[in-house]
Amino acid sequence: GTSFWQHEPALRVVLSRFPATLLLSATAIAIVIVLGLAVGVLAAVFRGTALDLLVMAGVGLGQSIATFWLGLMLILLFAVFIPLFPPSGYGSPAQLVLPAVTLAAYYVAVTTRLTRSGMLEILGQDFIRTARAKGLPERVTVLRHGLRNALIPITTVLGLQIGELLAGAVVTETVFAWPGVGTLVLDAITRRDYPVVQATIVLIALVYAVVNLGVDLLYGVLDPRVRVR
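Numbering (this note's numbering), first residue to last: 534 to 762.
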């Protein structure tokens, strides 16, 4: 349909804002993959140490903090007290840092916890002990044999998180005045611009479907045993 407010095709209005949300979500998911996997593996390898306890405390904190509060605190700390980054806006890499970190924080905690638990289970398997007995370096044993076998459930969660990041960026985009789909749909709901709301929901549902298909195809790459012949 046509937007009641902007008098343009609703899908065109949504697609004009989609690149900003895609940039924010892609940066956030990159942070989630890098930090979540790395910290989760370290916590599993050094299980029971001070590092593991510190990581698990950070995980609990990351899953408990409200997104809007974290965003405001980051603005207060890194844009007001220590003016390193702009508090809002869109267009430069510096303006991307704070909203991307805010959006990624919860999902980093979830991915770290899942990676740690998956790695702990895998590192206790017989094939890991065999790899160590063969004299393989610990780095190769952990990353090539351990992490790869733990990636199936992690990949499933990461795939779902991509869709959630696109759909759940409303709060983050509002706090940082980011001109993406989140702020657009919030304005559309306020103005009762139903065609824009419907177009946004359809687009997000399509992204979910595409991401889930990609995750299913990735299973065969990570684990040849699940390939359909």
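Hints in this document: simulated from the structure, not taken from any laboratory.
There may be inaccurate statements among the hints.
Stated by the list, open to error - Distance ranges between label pairs, derived from CB positions:
hint : residue 1 : residue 2 : range
1    : Asn745    : Pro542    : 19 to 29 Å
2    : Leu669    : Pro626    : 15 to 25 Å
3    : Phe614    : Pro552    : 23 to 33 Å
4    : Thr535    : Gln658    : 56 to 66 Å
5    : Leu676    : Met589    : 55 to 65 Å
6    : Arg724    : Phe614    : 32 to 42 Å
7    : Phe579    : Thr535    : 36 to 46 Å
8    : Phe537    : Arg672    : 51 to 61 Å
9    : Ser597    : Thr689    : 17 to 27 Å
10   : Val743    : Pro686    : 39 to 49 Å
11   : Ala559    : Tyr752    : 17 to 27 Å
12   : Pro542    : Ala627    : 48 to 58 Å
13   : Ala583    : Ala559    : 51 to 61 Å
A virtual CB, placed ideally from N, CA and C, is assigned to each residue, including glycine.
Going through the hints against the structure:
1. One distance hint, 19 to 29 Å for the beta-carbon pair asparagine 745 and proline 542, holds here, with the actual separation near 27 Å.
2. Between leucine 669 and proline 626 the beta carbons are some 40 Å apart, a value that contradicts the proposed interval 15 to 25 Å.
3. Hint check: phenylalanine 614 to proline 552, Cβ distance near 32 Å, so the stated range 23 to 33 Å holds.
4. Checked against the hint of 56 to 66 Å, the pair threonine 535 and glutamine 658 passes, with Cβ atoms roughly 58 Å apart.
5. The hinted range of 55 to 65 Å is not satisfied by leucine 676 and methionine 589, whose Cβ atoms lie roughly 22 Å apart.
6. Restraint check, arginine 724 to phenylalanine 614: a C-beta distance of roughly 36 Å satisfies the suggested window 32 to 42 Å.
7. Between phenylalanine 579 and threonine 535, the C-beta spacing of about 58 Å breaks the proposed range 36 to 46 Å.
8. Remark: the range hint 51 to 61 Å for phenylalanine 537 to arginine 672 is upheld by a beta-carbon distance near 58 Å.
9. Taken as a hint, the range 17 to 27 Å holds for the pair serine 597 and threonine 689, whose Cβ atoms sit roughly 24 Å apart.
10. In this structure, valine 743 and proline 686 break the distance hint of 39 to 49 Å, their C-beta atoms being roughly 21 Å apart.
11. Checked against the hint of 17 to 27 Å, the pair alanine 559 and tyrosine 752 passes, with Cβ atoms roughly 22 Å apart.
12. About 34 Å separates the C-beta atoms of proline 542 and alanine 627, a value inconsistent with the hinted range of 48 to 58 Å.
13. Alanine 583 and alanine 559 have their C-beta atoms about 34 Å apart, which leaves the hinted 51 to 61 Å range violated.
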